[in-house]
Structure formats: C-alpha cells, structure tokens
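J.: Residues per chain are reported as follows:
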Amino acid sequence: MSTKIVTARVGVKDSHTIAAYIEHGGYKALRKALLEMTPEEVQAEVTASGMLGRGGAGFETGRKWSMLKQDLVKYLVVNGDESEPSTFKDHLLVENDPHQLVEGTLITAYAIGASRAFIYLRGEFAFGLERVQAAINEAYAYGAVGGNIFGSGFSVDLVLQPGAGAYICGEETALIESLEGKRGYPRIKPPYFPAVIGLYGAPTIVNNVETMSNVPWIVTNGGKAFAALGKGRSTGTRLFALSGDVMRPGNYELEMTSKTFRELIYDSDLGGGLKEGRSVKAVIPGGVSAPWIGPDNLDLPLGQDEVAQAGSMLGSGSIIVLDDHSCAVRAAWRITKFFNRESCGQCTPCREGSGWIEKIMHRIEMGSGTESDLDLVLDACDNIAPGLTWPPQQTTICVLGPSIPSSVVSAIKMFRDEFMIHIKEEGCPFVH
Amino acid sequence: MSFFTPENLEKAKVLVGLYPDRRSALIPLCHLAQGQRGHLSHEAIEEIAELLEIQPAEVMGTASFYDMLHTEDVGKYLVGVCTNVACLLGGGQELLDHASDVLGVSPGGTTEDGMFTLEEVECVAHCDKAPCAQVNYRYFGPLGNGDFDTLVDDLKNDRLSESVPPHGVLSRVFRDAPPMVPLEIIHQERRKMDEAKKARLAAQNPDAGGKQ
Ligand SMILES: Cc1cc2nc3c(=O)[nH]c(=O)nc-3n(C[C@H](O)[C@H](O)[C@H](O)COP(=O)(O)O)c2cc1C
Ligand code: SF4
Ligand code: FES
Chain A
1 MSTKIVTARV
11 GVKDSHTIAA
21 YIEHGGYKAL
31 RKALLEMTPE
41 EVQAEVTASG
51 MLGRGGAGFE
61 TGRKWSMLKQ
71 DLVKYLVVNG
81 DESEPSTFKD
91 HLLVENDPHQ
101 LVEGTLITAY
111 AIGASRAFIY
121 LRGEFAFGLE
131 RVQAAINEAY
141 AYGAVGGNIF
151 GSGFSVDLVL
161 QPGAGAYICG
171 EETALIESLE
181 GKRGYPRIKP
191 PYFPAVIGLY
201 GAPTIVNNVE
211 TMSNVPWIVT
221 NGGKAFAALG
231 KGRSTGTRLF
241 ALSGDVMRPG
251 NYELEMTSKT
261 FRELIYDSDL
271 GGGLKEGRSV
281 KAVIPGGVSA
291 PWIGPDNLDL
301 PLGQDEVAQA
311 GSMLGSGSII
321 VLDDHSCAVR
331 AAWRITKFFN
341 RESCGQCTPC
351 REGSGWIEKI
361 MHRIEMGSGT
371 ESDLDLVLDA
381 CDNIAPGLTW
391 PPQQTTICVL
401 GPSIPSSVVS
411 AIKMFRDEFM
421 IHIKEEGCPF
431 VH
Chain B
1 MSFFTPENLE
11 KAKVLVGLYP
21 DRRSALIPLC
31 HLAQGQRGHL
41 SHEAIEEIAE
51 LLEIQPAEVM
61 GTASFYDMLH
71 TEDVGKYLVG
81 VCTNVACLLG
91 GGQELLDHAS
101 DVLGVSPGGT
111 TEDGMFTLEE
121 VECVAHCDKA
131 PCAQVNYRYF
141 GPLGNGDFDT
151 LVDDLKNDRL
161 SESVPPHGVL
171 SRVFRDAPPM
181 VPLEIIHQER
191 RKMDEAKKAR
201 LAAQNPDAGG
211 KQ
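Quick note, the sequences are listed as chains A and B, same order. Taken in order, the first sequence gives residues 1 to 432; the numbers are from the working numbering. Taken in order, the second sequence gives residues 1 to 212; the numbers are from the working numbering.
Hints should not be assumed to be uniformly reliable.
Said to hold, decoys possible - Heads up, simulated DSSO-like pairs for lysine-lysine below, C-alpha to C-alpha not over 27 Å straight-line: (1) A/Lys4 with A/Lys28; (2) B/Lys192 with A/Lys69; (3) A/Lys69 with B/Lys13; (4) A/Lys182 with B/Lys13.
As the list claims (entries may be wrong) - What the simulated footprint calls covered on chain A by chain B, stretch by stretch (three residues with Cβ under 8 Å from a Cβ of chain B suffice, anywhere in the stretch; the number is not a length): (5) 85-92; (6) 107-113; (7) 148-157; (8) 251-261; (9) 294-306; (10) 361-371.
These aren't lab readings, by the way, just hints derived from the structure by calculation. Glycine included, each C-beta is placed from N, C-alpha and C at the ideal position.
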C-alpha cells in the first residue's frame, strides 16, 4: 500500500470539520509538540525528515527554520497563493483538510517561536477561505490556538489573509508586501531570505501550504520515518497535480521517486493514459516556469534531483502533458501571455521582454511570422536570461523574469519544424 | 462614515484589529466592500482609508494592482473563463469565444442588464476540470458549450443563489474567534522561553553556558 500523508483524510466524510479531524487523530501532534517537546526538538525532527519545501524552490524546510534570525518578534506566513499555472494541489488541501494545515502551522509557530502566524490564500479560493476560517474558529473554540494552548504556556494567534488576484504574490517577498497591504512588488535582494527581514521588517518564515500540511505527520511519526520514504534528497510524498492531455487529470499523492513520469501518465489508477492512438509530445514538469522535457525522458523517476539533472525542475509538482495533437507554438505563446499579464512591471527585461516575446509568438501562431522571428525571439529571451542556461541567470528582482524563456526556448529547441510549418503554411496546422 | 452597513462596519473593525499594522487589512476591507456594493466606489475607498488611517490615494494605488479589485461597476456575476495552458489544451479559448457570443460582450465587458461581467482569467487552480470557468469564484468544469449555456440559464433564473454567493470573497467568511492574545504578552512569553532554553543549554553543557 502506498503511504498517504497529506491526503490521508481526503474523501473521509466531513473531513473539513474538527470532529472528523479529531476522530482521525487530529491535534495529537500539536499536543505532543507543545507538551512533550521543546521547540528545538520539533525543529530537529523536521530537519531529520529532510523535507524540501513544496512551494517550488525546493529548499530544505529544517534548514530554512534554522536560518531564522533570532529576535523577539518573528512571524510565520503560510503561502497559499497557488497561482503557478497547472498547479492545483494546495486548494485540495485547504478545502478538504483545513485542520491539518492549521495544526501544521501552529506546530511550526511553536518550533520557530512566532509572535503571530498568517495563512495567505489567493483571493480566488473563496471556498477555501470559508473552510480555513471555519477551521480556525473551531480550533479557537477547541483551545488549539490562542492563549495558553492546551495548558502548555504557549500562546499564538492565527490570522487568515485573502489575496486579490496577482500571481506575483506567490513570490515570498511580494506576498509579504501584499500582507502589509501594499502592491505585490517583490523586494530587492539581499537580504535573500525573509528569515532575516520579512513581515513588518521582522524575521519571517514563509512556507507553502503542502509543506505545512506535512508537519503534523512528521511530529507524530518522526523525521526518520518521513526520510525513509523516497530516495536521496527527495524524501516523503508529494502531491502531483496532473493535467493536460491525459484521461484522468487530478491530484495524486505519491511517495517521491516511487513512480516515473510514464507511470504517472499511463497507470490506470493514475493518469490513465492518453486518448486512443495518441502519444506524448512533451511534458511540462513543475509549473510553466520549468523547461519542457520530451518523450525520451518519460522514464525519469519523479524526484527533485532526477528532474533537475534532465535540465528542468520538479517545482510545484504540477505536470502538464501535451499529446501529438496539441500545438507546441500555441502552448508556448499562451504561457508567455500569462507571464506578460502577471509581470509586476518593476524590471525592464521582464516587463518589456515578456510583451515582445508574446507578440512575436502570437504572430507566428497566427501565421504571419517569418523565419527571422525565431532568432528574434531567442534574442529577446537572451536579454532576460543571458546565456539561456538552466537554472537561468538572473537580471531581475525576482525569478519570474528569468522563467519567461523556459517554454519558448524549449518549444523552439524541441519543435523547430513545427515553427517552420506555421511560418511556411502561414497558420497553425493543428485543429483546435 | 456612511458606506459600510453597520454589520459590515463591525466586521471591518474586527479585521483591522487582527494585524500589528492596520494597513494589512486593506485587501480584506476591499473584499468586504465589494461584497456589499460589487465594486469599490469612491465612498468605499474613502471609508477604507479612514479605517486604515491612510490616504484614499494609497488605497486606490494598492487596489489597482489587483485583478480581483474593481474600481468600476461590474455585473452581479463575474464569469471568468480560464484560457491558460491546461484549459487551452481542453478547449478554453473556444469556451471563452462561446461565452462571449452567448453573453453578447467581449471579455472585460458587462451585459446591459448588469447580470454578467465576462473575464478571461489566468489559471484558477482547477486545471483537472479543464476547460473551467469561475462564477463569483465558484468553479465549474469541464464545461462544454451546452454546459455553459445551462450554467448561464441557471444563474439568470436564480437557481444557484445558494452555491454562488456575491463575489466579495469574504461574504461567507466570519472570524468568530475570541480576542487575540496581545503581542506584549506573547513577547513576554517568548522571552521566558528563550531564558528557559539558555538554562537548558547551560545545564547540558556547563562549559559553554558560562560564555553565553
Ligand atoms: C513568481 C513566483 C511565484 C511563486 N508562487 C508560489 C506559490 O503560489 N505558492 C508557493 O508556495 N510558493 C510560490 N513561490 C515560491 C515562494 O517564493 C517560496 O519559495 C515558497 O513559498 C517557500 O515555501 P516552501 O519552502 O515551503 O516551498 C513562488 C515564487 C516565485 C518566484
Ligand atoms: S522579474 Fe518581473 S515580476 Fe519579478 S520583480 Fe521584476 S518585473 Fe516584477
Ligand atoms: S489552466 Fe485553467 S484552471 Fe489551471
């Protein structure tokens, strides 16, 4: 049987209520942490688990916590902005198991000594906001949050914050600005980490919803048990969000590295394969910021380093499949259009570059491109991320900018013929 | 003060009290105002500014950054069709075109009867339901053209008023928690915890303890 951690209660009747949560072992981990463990012991378990952050960058959670500058005032902010296209895992967790998120957040607040904890959810998650606020209310009534929690002498308050529609607010420093009631402009680095200067200028830990949702399990079962799952740096399970041209799109929690891309796409209890007679043309792993991989890489295990070695990233754990009836030019154009819309506009290469690339890609897709457009596009990409390396060189305040070229460069590298057909035949050869 | 209803004003004050800095309540208050009026009117912006003790221009300047905050009137239902890549592969662009035909407005436009505002939206994290649409941030998908027509018909005839609330996303979010622990108390506790930790370390390692 495969181990389920964060989705263990998904599908349980009324899984969002505190009654169901407690019936299934909920809030025991918080009691254990507060009453039997010191904050350092909780941190040590999380460090031992080796858990990498689930938000996209894949930074070790224990290490991040240990980097928190020791000050009297410190904050914890949970990142539930979930706006990376094709990522839809966190919404499952906030809607179906909000108490797990609340419990993980409270344990973390204790471990790092946070003065106050905030859960930031993207504004579009109206239903998730209802569920999480209801869970917070229940947790207060139960005594799991507020003053002197479970008689431990530890107090902390938990506040839910809605976003208002801006992808960039997922970037942790933009998220902090947004939480301060400002425009979501990423902050200039250094300091590289909010762990030094974060919310209201105080040291702040920012962690993803899925990262937080793993914490109760780690406290209950121990960091070692978590580290025993997966391989190498890829410990525990991950929630893979599979979408695009597959028969059974959805969220699948899998032990890391236990399955390959091929298995995730084709296994009958997972992706269920493609439409009759079609084959995989490309896969976009890790969200649209990631370079694409081809059919030759389908046997890669779903692990952090395995995907990185193939020149891409596992990122947010979302996986989009393009089959041979889908147009690579159109997909790459649409992704660029997204970046153009969502660029916050602070940096010239990102703001202007995304617009130029989007325009050129659009004209190629619509049939009025020329052969020299390909070089022009690549040149514009090179201006945003010099050398077009992976990971990219950064010329901008945040990594949204350098992520723009990923799709376009991948599409040109892998499907130059297809671009040429668009140009020669003055239009898109695919039916849509 | 005149914009917020007494009930919403109460809610607004609770929200302002949740943060070390009142300005943090800016986005929540904007959602609250939209739940009441649909968009951010001048009166709403002025009252929010007053509650946050900042200038109306600061509220406006912040609100204008966010796609969900509207400074012009919108329809009763915000219909957002996603055309981002997973939805695109499932026919999202075609669905948007169809929606535009059916409602008789281009993306960004509001129908004459004030019922619908159509928007082309970026990924709304329901890609397994591609192509999908949101109505006041409730999700529907996968949607064929026929499904979309049924949806519009249901909305017009008020058959979904239970599952689709007004578009201010806080209209059904209530914080009923008891008063918060003042930060001063928390900081006192943290100081005690730090001292306990130091004492523990000193006990474990008497040599190092003396140097700290
Ligand atoms: C443009 C951009 C968007 C991001 N969006 C998200 C997001 O929606 N959710 C998230 O958890 N992290 C997002 N991140 C990553 C965060 O900056 C941060 O690394 C993460 O929240 C840390 O949590 P973790 O260590 O638990 O992964 C984004 C980063 C960038 C540059
Ligand atoms: S790279 Fe783009 S999104 Fe990031 S700060 Fe610069 S302009 Fe804004
Ligand atoms: S791409 Fe449409 S919801 Fe994600």
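J.: If a hint holds in the structure, say so; if it doesn't, say that too.
T.: Status of the hints after comparison with the structure:
1. Distance restraint check for A/Lys4 and A/Lys28: the Cα-Cα separation of roughly 18 Å lies within the 27 Å cut-off, and the hinted pair is therefore satisfied.
2. Pair hint B/Lys192 plus A/Lys69 holds up; C-alpha atoms about 18 Å apart against a cutoff of 27 Å.
3. The hinted pair formed by A/Lys69 and B/Lys13 fails the criterion: a straight-line CA distance of about 33 Å is larger than 27 Å.
4. This hinted pair checks out: A/Lys182 and B/Lys13 have alpha carbons roughly 19 Å apart, not beyond 27 Å.
5. For the stretch 85-92 of chain A, the proposed coverage by chain B is satisfied: 6 residues have a C-beta within less than 8 Å of a C-beta in that chain, meeting the threshold of three.
6. Counting residues of the stretch 107-113 of chain A whose beta carbon lies closer than 8 Å to any beta carbon of chain B gives 1, which falls below the threshold of three, so the coverage claim is violated.
7. Given as covered by chain B, the stretch 148-157 of chain A passes the check, having 5 residues with a CB less than 8 Å from a CB of that chain where 3 are the minimum.
8. Evaluation of the coverage hint for the stretch 251-261 of chain A: breached, as 1 residues show C-beta separations to chain B shorter than 8 Å, against a requirement of three.
9. A stretch counts as covered by a chain when three or more of its residues have a beta carbon under 8 Å from one of that chain; for the stretch 294-306 of chain A and chain B the count is 0, and the coverage is violated.
10. For a cut-off of 8 Å, the count of residues in the stretch 361-371 of chain A with a CB near a CB of chain B stands at 0, and the three-residue condition is violated.
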